[in-house]
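Those sequence lines, one after another, are chains A and B.
Numbering follows our numbering, with no gaps: position 129 of the first sequence is 129.
Start counting at 1 in the second sequence, then tack on 1000, and there's your number in our numbering.
Hints in this document: simulated from the structure, not taken from any laboratory.
Accuracy of the hints is not assured; some may be wrong.
[What the hints assert, rightly or not] If the Cβ cut is set under 8 Å, some of the chain A residues that face chain B in the computed set are: (1) N31; (2) S34; (3) Q35; (4) I36; (5) G225; (6) T229; (7) R289; (8) G290; (9) V291; (10) R293; (11) T311; (12) F312; (13) R340.
Ideal Cβ placement from N, Cα and C applies to all residues, glycine included.
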Amino acid sequence: MTTLKQTPLNAAHRAMGAKMVDFGGWDMPVNYGSQIDEHHQVRKDCGMFDVCHMRVVDAKGAGVRAFLRYLLANNADKITIPGKALYSAMLRPNGGVIDDLIIYFMTEQWFRIVVNAGTADKDIAWMKEQAATHAPGLTITSRDDLAMVAIQGPNARAKVWQVLPQTKAATENLVNFQAADCGEYFVARTGYTGEDGFEVMLPKTKVEEFWYALNKAGVPPIGLGARDTLRLEAGMNLYGQDMDESVGPLESGLAWTVDLKSERDFIGKAALLANPPTKKLAGLVLLDRGVLRGHQKVVTQHGDGEITSGTFSPTLEKSIALARIPNAVQVGDTVQVEIRDKLLNAKVVKYPFARNGKGLI
Amino acid sequence: MSNPSNLKYTASHEWVKVEADGTISVGITQHAQELLGDMVFVEAPEIGRALKAKEESAVVESVKAAADVYAPVSGTVTAANGDLDASPESINSDPYGAWIFKMKPDNAADVAALLDVAAYQAVVDSEAH
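Can you build the whole structure from these sequences, using the hints too?
Given below as structure tokens:
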């Protein structure tokens, strides 16, 4: 048995009664009690998530913007206000998705990048390899000294200001998808729940104290179970499930992040132009009784597809899913999902399914 | 919550209650519901279906995962708990009250041979290590 990696909050999770699971090699809390209660807590009030397993990477040096413009499928030129963030896929030359990530423009010498836990090592290796060829003066640094906590929900920002009053002046005017560097605390108005809130990056040595201070201020911990139902309701992809290196961004619901029209060249662009997708990611709502799950087969009149993520939506009280299905299937169509040898009816819908405390279906 | 001593158990975490008419009620244990988490869907076997011992009979689904419920003994399904359609979460709040299906065992002796509470507790304890 291999030893699971631990975040600096491992002892705190256990002290708070978490049920711990192996999440991609990390010993992480899946829930602290009822996962459904945790989900509603975030939609209606606020909760905090340990996201220390995700990796912060700093790209620094002259020409960092030009490098990111070539490295990423989304256009780094879209972010010009300091602190502004951009969501992007990072592609292989064949168009496969290496990872999805967020970049923050801080200065023309410094962009901060946040990548997924399971892909961090290969991401950094790829960035360094590309930088060596295209921007040898840049430094790409994995910030293993930093921890990250997400505080999400309509009351999340107020709770953070209560605990970190010194950050309020710099963060109260942040727009959605913008961050402020407040010395030891890097506060970003981003998240993975479809609710307002912050993601706070801070020294690992301070994260346990921050976690307990938030809890004392009335912010309960939320496990990975609710994190998954919240992000799926919000229509946000999960790397490794909804996309990976075997598929491109256009068949993963990420066309809105890929800029194919401008003159700008980027890694993977030629492959995307040469291979228009025949499938797309769509939302499904189950009409019959049951629960949609990843890898279930979707039968449509235009051919088969597959569910990439499925769950029970606590907000809608119905089962929902993201599925990769033929392009010709339209919103409003009824399709069949094969569950334990039965074909159950599901409706194709436009997602997100829920955001900002409300169901959207 | 301790496991009731008047019930029989299986190593696959079903509980079995012998009813006055000789049928048995089957549910999942406190340990099983705790592992699965919030229940959102229960699919009971069809009434009249003949089951073999250890055959997949019902399916319980939590937000997290689907799990099979196995027939504790061979027999015929006589009833399904329709209340669980509307409130599957009663498996979480009252695991020993929320029976999933009833069956008429082929042999009463098979039921008597299932685990008693002490033997079942030993199974749970061994999984914790």
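Of the hints stated earlier, which fail here?
-> none
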